Each structure stands twice: as C-alpha cells, then as structure tokens.
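Novice: Single-letter residue listing:
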Amino acid sequence: MKIVIIDDEPLARGIVKEYLAGFSQAQVAAECGDGFEGVKAIAQHQPDLIFLDIQMPKINGFEMLELIDNPPSVIFTTAFDEYAMKAFEAHAIDYLLKPFSKERFDKAVNKWLGQKHVQLPEKLSEDAASPESQNRVVVKKGQNIVVLPVQRIHYFEAFDDYVKIYTTEGFYLKKKTMSFFEKRLDASQFVRVHRSYLMNLQELTRIEPMEKDNHIALLKSGARIPLSQTGYTKLKSVLGI
Amino acid sequence: MGATKQIFFIAAWLLWTALQFSVMMYYGISARESWMDASITSTMLVFAGYVMITIVKYFRSSAKNAVAVLVTALALAALTDGVLYSILKVLPSSTDYQLWLDKTLLIRFIFIWLMIVIEGINGWLFFYIKEHQQNEMREKETEKLMREAELSGLRQQFQPHFIFNSLNSISALAGTNPNLARKMIEQLSDFLRGTVKKESNLLVPLKEEFNHLELYLDIEKVRFGHRLITEVKADDAAMEMKLPSLLLQPVLENAIKFGLYDTIGEVVITVEAKVDQNYLVVEIKNPFDPASAVPKKGTGFGLNSIQRRLSLLFYRNDLLTTQQNENTFTTTIKIPQR
Numbered sequence: 001m002k003i004v005i006i007d008d009e010p011l012a013r014g015i016v017k018e019y020l021a022g023f024s025q026a027q028v029a030a031e032c033g034d035g036f037e038g039v040k041a042i043a044q045h046q047p048d049l050i051f052l053d054i055q056m057p058k059i060n061g062f063e064m065l066e067l068i069d070n071p072p073s074v075i076f077t078t079a080f081d082e083y084a085m086k087a088f089e090a091h092a093i094d095y096l097l098k099p100f101s102k103e104r105f106d107k108a109v110n111k112w113l114g115q116k117h118v119q120l121p122e123k124l125s126e127d128a129a130s131p132e133s134q135n136r137v138v139v140k141k142g143q144n145i146v147v148l149p150v151q152r153i154h155y156f157e158a159f160d161d162y163v164k165i166y167t168t169e170g171f172y173l174k175k176k177t178m179s180f181f182e183k184r185l186d187a188s189q190f191v192r193v194h195r196s197y198l199m200n201l202q203e204l205t206r207i208e209p210m211e212k213d214n215h216i217a218l219l220k221s222g223a224r225i226p227l228s229q230t231g232y233t234k235l236k237s238v239l240g241i
Numbered sequence: 001m002g003a004t005k006q007i008f009f010i011a012a013w014l015l016w017t018a019l020q021f022s023v024m025m026y027y028g029i030s031a032r033e034s035w036m037d038a039s040i041t042s043t044m045l046v047f048a049g050y051v052m053i054t055i056v057k058y059f060r061s062s063a064k065n066a067v068a069v070l071v072t073a074l075a076l077a078a079l080t081d082g083v084l085y086s087i088l089k090v091l092p093s094s095t096d097y098q099l100w101l102d103k104t105l106l107i108r109f110i111f112i113w114l115m116i117v118i119e120g121i122n123g124w125l126f127f128y129i130k131e132h133q134q135n136e137m138r139e140k141e142t143e144k145l146m147r148e149a150e151l152s153g154l155r156q157q158f159q160p161h162f163i164f165n166s167l168n169s170i171s172a173l174a175g176t177n178p179n180l181a182r183k184m185i186e187q188l189s190d191f192l193r194g195t196v197k198k199e200s201n202l203l204v205p206l207k208e209e210f211n212h213l214e215l216y217l218d219i220e221k222v223r224f225g226h227r228l229i230t231e232v233k234a235d236d237a238a239m240e241m242k243l244p245s246l247l248l249q250p251v252l253e254n255a256i257k258f259g260l261y262d263t264i265g266e267v268v269i270t271v272e273a274k275v276d277q278n279y280l281v282v283e284i285k286n287p288f289d290p291a292s293a294v295p296k297k298g299t300g301f302g303l304n305s306i307q308r309r310l311s312l313l314f315y316r317n318d319l320l321t322t323q324q325n326e327n328t329f330t331t332t333i334k335i336p337q338r
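If you read the sequences in order, they're chains A and B.
Under this note's numbering, the residue at position 221 of the first sequence is numbered 221, and the numbers go up by one with no gaps.
Under this note's numbering, the residue at position 37 of the second sequence is numbered 37, and the numbers go up by one with no gaps.
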C-alpha cells in the first residue's frame with residue numbers, strides 16, 4: 001500500500017514514518033511539507049492512504065482535499081483544532097492528536113486496513129470550516145493553485161457540477177455546490193440573489209428594474225446579475241432598504 | 001466626635017460669645033448680663049449646630065433634600081429660640097435687660113436660623129465631599145482590579161498548538177536522537193517556567209526578555225527545521241532598557257505564524273531593538289504574501305491583545321504600529337522609559 005505523508009514539520013513526518021516501519025506492506029511514496037506538494041504527490045503516486053496535518057503553509061489540510069477530485073483515504077494528524085474536531089468525529093476514518101502513541105497509531109492504521117478504500121465522505125470537507133476558509137477560497141487553474149481572498153471575488157455562478165468564481169482576472173472553476181459557498185462565507189457580505197448566483201455586496205453599484213417584476217444587479221466590473229423574487233427581497237433586507 | 005470637630009465647635013463658641021458680648025456692651029447692657037446672655041446663646045447655638053449636622057448626615061445630596069435641610073433648620077431655630085428665651089427670662093436680671101430680651105426675640109431667631117443653616121450647609125458639604133471621595137476611591141480600586149485581571153489574561157496567551165506540537169517533536173526525537181529530545185524538554189520546561197512565574201505588570205530588562213525569546217525560538221527551530229531563520233540584534237544600550245515582561249514572545253509567535261503559514265520555503269524573521277530618545281523601539285519583521293493575505297483593518301493579525309496590554313500599562317494607543325511593505329510585514333513597538 002502506497003502512503004503519502006503531508007505535514008509541515010519534518011519531525012512530525014519522521015514519527016509517522018517511524019511508526020509505519022511496523023507495517024511491512026506500507027510503502028511511503030512521498031513526504032510533503034505543504035499542501036501544494038501534497039496535491040502534486042497525490043496526483044503522481046495515487047496513494048491508498050495519506051496522513052494529513054491541518055495547519056500548514058498557504059493552504060490547510062481541508063483546502064488541499066478540496067483540490068483533489070478523488071481523494072484517497074485520510075488519517076488526520078493534528079495538534080489541536082477545535083474547528084475540525086466535530087467534522088472528524090462525524091466523518092473521518094480516524095484522527096490522531098499529536099503527540100500520539102505507537103498503540104494509538106497502530107489502531108488507526110488497522111482500522112483503515114479493516115475498512116480499506118472507504119472514500120472520504122464529501123461532507124467532511126464541507127463541515128470542516130476552519131477560520132481561514134471564511135476568508136479565502138482555494139482554486140486550481142491548470143497546474144497552479146491559487147489562494148483567493150474573498151475580497152477579490154465578484155460573484156459565484158452555478159455551472160453544471162461546478163461553480164464559476166468570477167474575479168478581476170477572469171473566472172475559476174471549482175467542483176462544489178452553490179450552497180457550499182453560501183454556507184461557508186459571511187452572509188452579510190455574500191448574498192444568494194438567485195438560484196445560480198451568489199454575489200459579493202461590495203461589488204454592487206446599482207439595482208435596476210427589468211421588464212415585469214424582475215430586477216438585475218449591476219456590478220463594478222460591469223457584470224449584470226439577474227435577481228430572483230426571493231433574491232431581490234433578501235438583498236433588500238441585507239442592505240437595509 | 002473627632003478632634004478637629006471639637007476644636008471647630010469650641011472656636012465657634014468663643015467667637016460667637018465674644019461677638020455677642022461686644023455688641024451687647026455697645027448697646028449699654030451690663031457686663032454680667034451680656035456675659036450671661038452671650039455664653040448661654042452660643043452654647044445653645046453650638047448644640048443646635050451639632051444636632052443640625054447630625055441630621056444632615058442622613059440626608060443625601062439632592063435639590064429636594066436642600067429644601068428639607070432649610071425647613072429642618074427653620075424648625076430647629078424656632079425651638080432653640082424658644083428654649084433660649086425661656087431660660088434667659090427666668091434667670092435673675094434687670095428690667096432694662098428683660099425689655100431688651102423681648103425686643104430682640106425676632107432678630108435672635110433670624111440669627112440663630114442663619115447660623116444653623118450655615119452649620120447645616122457646612123456639614124452637608126463635608127459629608128457630600130467625603131462620600132464623593134469614598135466613591136472615587138472605590139471606583140479606582142475596582143478599575144485597578146479589573147485592569148490587573150485583564151492584564152494577566154492578556155499576558156502570554158501562547159497557543160496550545162505550540163505546546164502539543166513541541167511535545168510531538170520531542171516524541172519524534174526520543175526515538176531517533178534522545179540527547180536532542182532531552183535538550184528540547186529542558187528548553188520547553190525553561191520556557192514554560194518563564195511564562196508562569198512573572199507578574200503581569202512587571203518591567204524587565206530587554207536582555208532578560210531576549211533570553212526568554214531565545215528559548216522560544218530554539219524550540220520553534222527544532223519544529224520547523226531549516227525553514228525558520230531568525231536574526232535577533234540589539235544595541236548594548238537597548239539591552240538594559242525595560243519593557244513589560246513576556247511582551248515580545250506573542251509578537252514573535254504572530255510573526256512566525258504569518259511568516260511560515262503565508263509563504264513557502266525559507267522564512268527569515270528579524271528582531272531589532274534600539275534606543276530612540278526616551279523610548280525602547282523593537283522592530284519585528286516577517287515575510288508575507290500580499291496576494292493571498294487578507295487585508296485587515298487596524299493592526300489586525302492577532303496583535304490586538306498586545307495593543308490592549310500596552311494601552312492598559314501606559315495609557316497610550318500609539319505604541320504598537322504595523323506596516324506592510326511589498327513582501328515584508330513590520331511590527332514596531334515603542335516602550336516609554338521612565
């Protein structure tokens with residue numbers, strides 16, 4: 001079985017490797033110091049299992065998982081993360097609280113061996129809202145990973161199984177649902193004005209009436225976003241008009 | 001009754017007796033009758049004044065109570081005047097004096113009332129000021145206690161992350177490099193000891209704070225390996241200057257956090273201390289990525305508690321400033337020297 005270890009502290013990777021020596025079938029394919037390397041290593045080696053830290057440079061463990069289409073099984077290793085704890089308990093294969101013992105480590109790996117190839121539930125990454133994920137969205141553009149502060153996002157548009165994220169330099173695609181972003185982002189800044197649109201209020205310049213009872217929102221970028229009946233009402237209440 | 005109050009009453013008695021005695025002599029009343037009248041009147045006055053002050057003690061200071069004080073004084077004056085009149089009337093005296101006594105009944109009443117009102121106001125002001133001072137002292141005491149509580153809360157809020165990750169590093173080293181593991185346990189113990197022993201508003205020399213900082217940085221370097229590079233420098237003069245204990249470690253923790261988690265690859269954190277006129281100035285620099293960093297209002301970046309601590313200790317809000325310059329985030333702290 002192929003394993004990738006992703007942790008920004010070399011000693012923390014070391015102890016996972018050391019404990020894994022007890023499993024003869026385990027083969028550590030790669031060690032990564034951040035999520036960017038992690039994405040690459042997972043694409044390259046297609047591991048069966050990854051050990052993943054949460055707090056890492058640039059993008060955290062959850063954000064890294066969002067960037068992988070078919071994530072392998074995950075055992076989280078973390079020191080302390082009150083935000084992630086609930087998500088762990090509900091959905092993760094297992095999580096190891098640092099520092100962990102060899103016995104605890106073996107238990108986690110054996111648990112995984114018992115239920116091999118259980119996919120990471122989609123729900124995990126949706127529930128695991130770390131404080132960072134309120135302020136930024138991580139996307140992939142070709143081979144590059146881009147960290148977008150939410151201030152730079154104009155609006156979100158539903159696009160089949162994807163969501164188009166519009167910014168000044170064009171749009172990014174992310175395989176998520178609209179409600180994923182609506183739930184995660186600050187509701188006083190991002191308003192779901194239509195079934196297919198989630199808008200950044202800071203980008204709004206004008207609301208114009210259309211034929212019949214419909215309205216559209218005009219953004220600073222020049223984009224025109226249709227407002228649904230409920231969306232228009234919601235927008236008015238958030239704006240206090 | 002306190003000694004000052006006794007002296008006050010004796011002085012008032014003497015003054016009034018002398019004054020009334022002179023006036024009566026001037027109007028041709030005999031010395032014996034003048035003395036008798038003046039001494040009894042001022043005794044009554046002192047007594048009435050004392051009663052008035054005692055009553056006033058139980059009135060609280062308000063406009064409505066001021067009217068009540070005046071009315072009470074009026075009643076007290078009438079009573080005093082009546083008793084005084086009866087006493088003087090039955091004491092043996094000349095007809096001239098008896099006549100004079102009858103004539104001065106009203107004017108005596110007005111004087112007595114005036115004196116009692118003055119006494120009342122005097123007492124009232126005394127108690128009012130005393131109560132005010134007590135309130136002020138209580139408020140100051142409460143404020144001081146709150147300040148101390150807040151300060152000890154603000155001081156040293158290192159992340160549990162730090163402790164658990166350090167313990168994890170020690171656990172890793174225990175297998176591969178027991179000597180280094182032991183060294184790290186010692187460093188972590190010294191660091192923790194340093195954080196618990198100090199009082200929240202204690203001022204320590206910079207060199208002591210730097211020693212503590214070094215322990216912290218050594219531990220972080222074991223954790224992050226070659227990624228973390230630190231440069232700490234200070235003038236000799238700055239080393240002797242004082243600053244609140246454990247102030248710099250949270251700032252460094254913040255700088256390391258944003259340096260390490262916002263960039264990839266090697267991270268250089270610099271700490272520079274110098275003397276500027278009457279201030280110790282400490283500058284902490286860390287790299288950051290302007291493209292992904294979330295701009296925040298004010299100082300942000302977890303420095304608020306340090307800002308608050310400085311303002312509680314020095315009553316100033318301008319001691320911590322931050323600056324973003326291309327890829328460098330600079331935190332500057334100024335500590336006034338006494």
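You may find that some hints are simply not true.
Pulled from the structure, derived: some chain A residues nowhere near chain B, Cβ distances all over 12 Å [to be verified]:
1. D8
2. P72
3. T78
Just the calculated beta-carbon pair ranges, DEER-fashion [claimed, not checked]:
4. B:H161 <-> A:K40: 43 to 51 Å
5. A:Q189 <-> B:Q337: 38 to 46 Å
6. A:K107 <-> B:P178: 22 to 30 Å
7. A:Q189 <-> B:N317: 23 to 31 Å
8. B:N317 <-> A:S179: 40 to 48 Å
9. B:A291 <-> A:R184: 19 to 27 Å
Please keep in mind that the hints were generated in silico from the structure rather than gathered at the bench.
Here the structure is a predicted model, which means the values were calculated and not measured.
Even for Gly, the Cβ is constructed at its ideal location relative to N, Cα and C.
Novice: If a hint holds in the structure, say so; if it doesn't, say that too.
Specialist: Evaluation of the provided hints:
Against the 12 Å criterion, D8 of chain A falls within the reach of chain B, whose nearest CB is about 7 Å from its own CB. In this structure P72 of chain A is separated from chain B by more than 12 Å, as the shortest Cβ-Cβ distance comes to about 23 Å. T78 of chain A, annotated as away from the interface, has a beta carbon of chain B within 12 Å; the closest lies near 9 Å. Separation of H161 of chain B from K40 of chain A is about 26 Å and departs from the stated range, judged on CB atoms against 43 to 51 Å.
Taking the beta carbon of each, Q189 of chain A and Q337 of chain B are about 44 Å apart, inside 38 to 46 Å as hinted. Under the hint 22 to 30 Å, the C-beta atoms of K107 of chain A and P178 of chain B, about 26 Å apart, fit the expected range. At roughly 28 Å, the beta carbons of Q189 of chain A and N317 of chain B sit within the given window of 23 to 31 Å. Under the hint 40 to 48 Å, the C-beta atoms of N317 of chain B and S179 of chain A, about 43 Å apart, fit the expected range.
Take A291 of chain B and R184 of chain A: their Cβ atoms lie about 21 Å apart, and the range 19 to 27 Å holds.
Of the numbered hints listed earlier, those contradicted by the structure are 1, 3, 4.
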